[in-house]
Amino acid sequence: MSAPTTQPGGETRPLAFVSAQALRERMHAAVNDPHLRTSFRGAMDFLMAKRAAQFPDESELTSLRELSEGIRQYSLSKLPDLLEQLETNLTRNGVHVHWAETPDEANAIMLGIARRHAAKLIVKGKSMVSEEIEFNHAMEAAGIGALESDMGEYIVQLAGEKPSHIIMPAIHQTKQQIARLFADHIPGVDYTDNVDALIQIGRRVLREKFEEAEIGLSGVNFAVAESGTLCLVENEGNGRMCTTVPKVHIAVTGIEKVVEKLEHVAPLFSILTRSATGQAVSTYFNMISGPRKPDEKDGPEEVHLVLLDNGRSQAYADEQLRKTLQCIRCGACMNHCPVYTRIGGHAYGTTYPGPIGKIVSPHMMGLEQTHLLPTVSTLCGACGEVCPVKIPIPELLIRLRGEAQSKPHALPAMVGQGAGYDRLTTFVWRMWARVYGRPGSYRAFSWLASRFRMFAPSQQAGWTAARTPLTPAPRRLRDMVRNRR
Amino acid sequence: MSPRDRILAKLRAARPAEALPAPSLDAHYDPRARGESTSARAARFRAGIESFHAEVHLTTDAEWPALLARLCVDKAVGTLMFGADTPSGRRLDSAIFAGTALRPWAGQIEDLKADLFHRVGAGFTETRGAVAETGSLILWPSDAEPRTLSLVPPVHFALLDARTIHPTFFDAIRAENWGAGMPTNALLISGPSKTADIQQTLAYGAHGPKELVVLVINAEGETQ
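Same order as they appear, the protein sequences are chains G and U. Going by my numbering, the letters in the first sequence line up with residues -2 to 482, in that order. Going by my numbering, the letters in the second sequence line up with residues 626 to 849, in that order.
By construction, these hints were calculated from the structure, which means they are not laboratory data. If you're wondering where the values come from, they're calculated on a predicted model, not measured in any experiment. Idealized CB from N, CA, C, for every residue including glycine. Heads up, none of these hints are tricks.
Computed list of lysine-lysine pairs in DSS-like fashion (alpha-carbon distance at most 30 Å, straight line):
(1) Lys738(U) to Lys244(G)
(2) Lys635(U) to Lys258(G)
(3) Lys835(U) to Lys172(G)
(4) Lys244(G) to Lys258(G)
(5) Lys635(U) to Lys75(G)
(6) Lys117(G) to Lys738(U)
(7) Lys290(G) to Lys244(G)
(8) Lys635(U) to Lys387(G)
(9) Lys290(G) to Lys738(U)
(10) Lys404(G) to Lys635(U)
Chain U stretches covered by chain G per the calculated footprint, using a threshold of three residues with CB under 8 Å from any CB of chain G:
(11) 627 to 641
(12) 720 to 734
(13) 819 to 829
On the chain G side, residues computed to face chain U include the following (Cβ under 8 Å):
(14) Glu223
(15) Asn232
(16) Ala263
Given only the sequences and the hints, what does the whole structure look like? Please build it.
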């Protein structure tokens, strides 16, 4: 399989979760890839401009953001009750509801359903939770095909990659790369980099699969407790295909996606599409409340919902960290992130890249694997400013840095607390705080620093890799001010 | 304990002592509940859905079947599939559809999947209403008009009564009390299917219809 890839590190296989050490190397490789940087810079500028055009009225945006934040916080404050209400109403509507604490449990549930139906092919609508649990691999390991049908996801799957953006999965690929990919992998297809032609090729290939697949899989954007309704947002129609044409529909989602009332969905849907892709509305908003009824002529005969925890209940247990779960997965934070724009989505090595990935992944994977993630940030605050549900992302990044770097203790709020703890670093910062926290010691230190400035090292770790060394000034500011009087 | 009970127990142990007050949506939506006329609302709907590449025709209750017949010929749809057991479906008469084969939906999808995917050129459906703010059609597919009619054929013709257009999606949910009971499937449709997944270049006709054609009746207002 030839896989044209711009992935740092050069892997052609789907990404495994990466260690902290590897994360540094991947970021380095990404920053040094001018092609990748151009792709992301262009795409992010485009998405930022489109979002801005959707919110010409600042006061409307403010009102909608406050309302959306309020709805998400209200829903989370009643989360266990709403989940039970959702389960009751979905069950009444004929939907089978399953619960999974871990990715393995979720995959086992879905594999069981697939086996019961002797399924050979599962056709998939876009679902980040299915990426989070490595669903495709679990099915393929069991000999069941799992085919992505969202155009971007299909491209990424053909390339043996993972999505580099939660909304636009193939944003790192150019049309020429995609043209090559299609010509190499799809029988009878010649090279063309005409985008319309490429989409029509994808349409033709995937339409056969919608007809053929026994099971359709989808994610969920909002689950409505009062009516037992699963809502899906999409443009392509593949989500409708996956949830309508095969005999079985399985929806998989995180436990945080539930809202109480159907009307709560209206503002969230509006701010989601506008924040994500700068569209006033998506082409389809698909509300599913049950399987085909006896007198109905199409739709799945069986509908399943798998509710996944995977660390979400850990975030829920802490009042501050709970805000992580307000997320509606629009991707605006990554579109506006200076770090994401420069390193792209693959460098993070997590299913969810960018600012939201940095605050949600530590709960899913533990801080042992992710303790460096919260430091992959300039704390510029852009993510928090654009977040449609006002998640204080910079504040949470600082909190997670604290959790990762502080000395391990008995009652941690998170799995892996203290994973980034280093005695020397802690000692150095403690000394710094002691010196800078007292006027007398600070004066003495700065006097010594200016007198002995010639001893400043010429090699200063990462700083001097691309800059001249830092040297204390020959005279302190306080001395200069005193002399001017 | 089952995974379900463990998850719920963890959430129960951690949830706030009191739920937060319910959010008020009215404050945000009130200023928009415009007392606009049907024709003004239809115009806003039209501008919205046209911006998503849909084709809109204003017509009348008497004339829409003939217009539909003409559009089928213009677009060379070949076969038009529809639900025969609806007020509008009953008005599709092969006498006026010269050059187009009228095929009422009959049977379960399993029986006609191959035709639906490969031989039907267009689907026709009624609509339940629309949303002016975004230019979205509201469809509640039913046993009479299955879901795939508006999804699988390359062209989707939709009939809309302008008097059923709501200012916003929120207004539609509120006014018709959707929360009290939803059909198996409900949809908002805003234009033909599309994607920008290749280098942010917009392309129409991704997996669903390549064309969406809306026939609007009663757009002149409350004259009837």
